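Asks: Quick mapping for you: the protein sequence lines, in order, are chains A and B.
FYI, our numbering numbers position 55 of the first sequence as 55, with every residue one higher than the one before it.
FYI, our numbering numbers position 30 of the second sequence as 30, with every residue one higher than the one before it.
Here are the simulated DSSO-like pairs of lysine-lysine, each with C-alpha atoms no more than 30 Å apart in a straight line:
id : chain 1 : residue 1 : chain 2 : residue 2
1  : B       : Lys79     : A       : Lys106
2  : A       : Lys99     : B       : Lys216
3  : B       : Lys77     : B       : Lys103
4  : B       : Lys190    : B       : Lys225
5  : A       : Lys98     : A       : Lys80
6  : B       : Lys77     : A       : Lys106
7  : B       : Lys190    : B       : Lys96
8  : B       : Lys58     : A       : Lys107
9  : B       : Lys79     : B       : Lys190
10 : B       : Lys79     : B       : Lys108
11 : B       : Lys58     : B       : Lys79
12 : B       : Lys79     : B       : Lys96
13 : B       : Lys216    : A       : Lys80
14 : B       : Lys225    : A       : Lys98
15 : B       : Lys96     : B       : Lys108
16 : B       : Lys108    : B       : Lys77
17 : A       : Lys107    : B       : Lys79
18 : A       : Lys99     : A       : Lys80
19 : B       : Lys58     : A       : Lys106
20 : A       : Lys98     : B       : Lys216
21 : B       : Lys58     : B       : Lys96
22 : B       : Lys103    : B       : Lys79
23 : B       : Lys190    : B       : Lys77
24 : A       : Lys99     : B       : Lys58
25 : A       : Lys98     : B       : Lys77
26 : B       : Lys216    : B       : Lys58
27 : B       : Lys77     : B       : Lys58
28 : A       : Lys98     : B       : Lys79
29 : B       : Lys103    : B       : Lys190
30 : B       : Lys58     : A       : Lys98
31 : A       : Lys80     : B       : Lys225
32 : B       : Lys77     : A       : Lys107
33 : A       : Lys99     : B       : Lys77
34 : B       : Lys77     : B       : Lys225
35 : A       : Lys99     : B       : Lys79
Hints are computed from structural coordinates only; laboratory data are not their basis.
Treat the numbers as computed from the prediction; the structure is a model and nothing was measured.
These are the residues of each chain, in order.
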Amino acid sequence: MSLIQIVLTVFILLIAVYMYRRLRTTIIDLLLILVFAVVGVFFVIFPDTTTEIAHFAGVNRGADMIFYLAILFLLFLVIKLYARLRRLEQHFTEWVRKKSIEEMVKKED
Amino acid sequence: MEIAQDIFVIIPCFNEAAVIRQTVEAVHSEGYSVVVVDDASTDLTTQVLSGLPVYYIKHPINLGQGAAIQTGIDFAKEKGARFFVTFDADGQHEVKDIAQMIKVLIDKEVDIVFGSRFLPGAMTNITPSRNLLLNAGRYLNYFVSGILLSDAHNGIRVFNRRTAENIRIRENRMAHATEFQISVARNQLKYAECPVHIYYNAYSIKKGQRGLASIKILFEIILYKIFR
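Build out the structure end to end from the sequences listed, making use of the hints.
Replies: Printed below as a string of structure tokens:
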């Protein structure tokens with residue numbers, strides 16, 4: 001096992017443990033975390049398997065395929081986060097608005 | 001003529017202490033109900049306005065002009081307003097135009113009247129570069145809303161209750177002018193334009209938006225379209 005494989009494996013396991021400790025809600029969450037960790041570690045230890053899948057998908061190297069997928073996934077996350085930020089801002093605005101108007105009406109009495 | 005008190009003039013402001021009292025007094029002298037929405041000014045706006053018979057609402061934190069206008073609309077709706085007016089604080093609008101625009105609203109039986117500085121009869125001392133920018137804005141607004149106005153970003157508008165109940169400004173910052181147009185199109189509200197006067201003075205130019213702000217607005221509009 002090369003150094004990078006050890007580093008990546010340790011990181012994946014640490015993230016899995018961290019996620020489990022933070023979420024620790026349903027059995028589904030646990031299963032998902034477990035599946036992701038196992039798949040991740042598997043690909044780190046046997047990187048050639050990703051190349052086979054990549055060839056099947058029409059990409060030359062496994063690492064390239066992971067790279068493409070990671071970009072798509074990150075883009076998806078950014079959009080989700082932005083949408084959430086907007087929602088948050090709207091809720092916040094509504095709250096501030098309501099308070100300001102209430103304040104005004106109180107002063108008027 | 002309609003009862004002036006039923007006409008609520010919403011004046012959003014942010015750090016306009018130097019001119020706000022003059023603007024508010026001019027509007028109030030016509031008998032209109034005035035709603036000043038102070039978007040968390042850090043200058044003397046609150047003190048300058050004290051003693052004036054106007055509704056004064058202050059946001060505890062700065063949200064943007066679009067948010068301030070929506071706050072004013074919500075408040076005026078609660079107060080039973082029949083007509084709603086948006087009016088800039090910096091003194092570039094002419095108070096007499098309000099009555100003219102309300103007349104157009106009633107005579108033409110429309111739901112909203114947009115002020116325009118480019119129609120015949122309007123008066124403005126606009127610079128050529130700003131003129132060009134506003135023209136680009138017109139077509140952008142047309143592209144996203146399907147409504148082509150002669151003036152893209154004019155702070156003065158008059159609308160009725162139906163419009164107030166159908167419009168909800170979600171763009172807190174400057175893209176609200178475009179959002180007005182989109183909402184009008186979406187709710188199939190009837191609209192008209194009315195020539196108005198715009199006076200650019202040293203103060204309003206200094207305080208007003210710079211050309212670069214238009215790029216920010218452009219991005220806000222694109223994001224608005226994607227994340228509706």
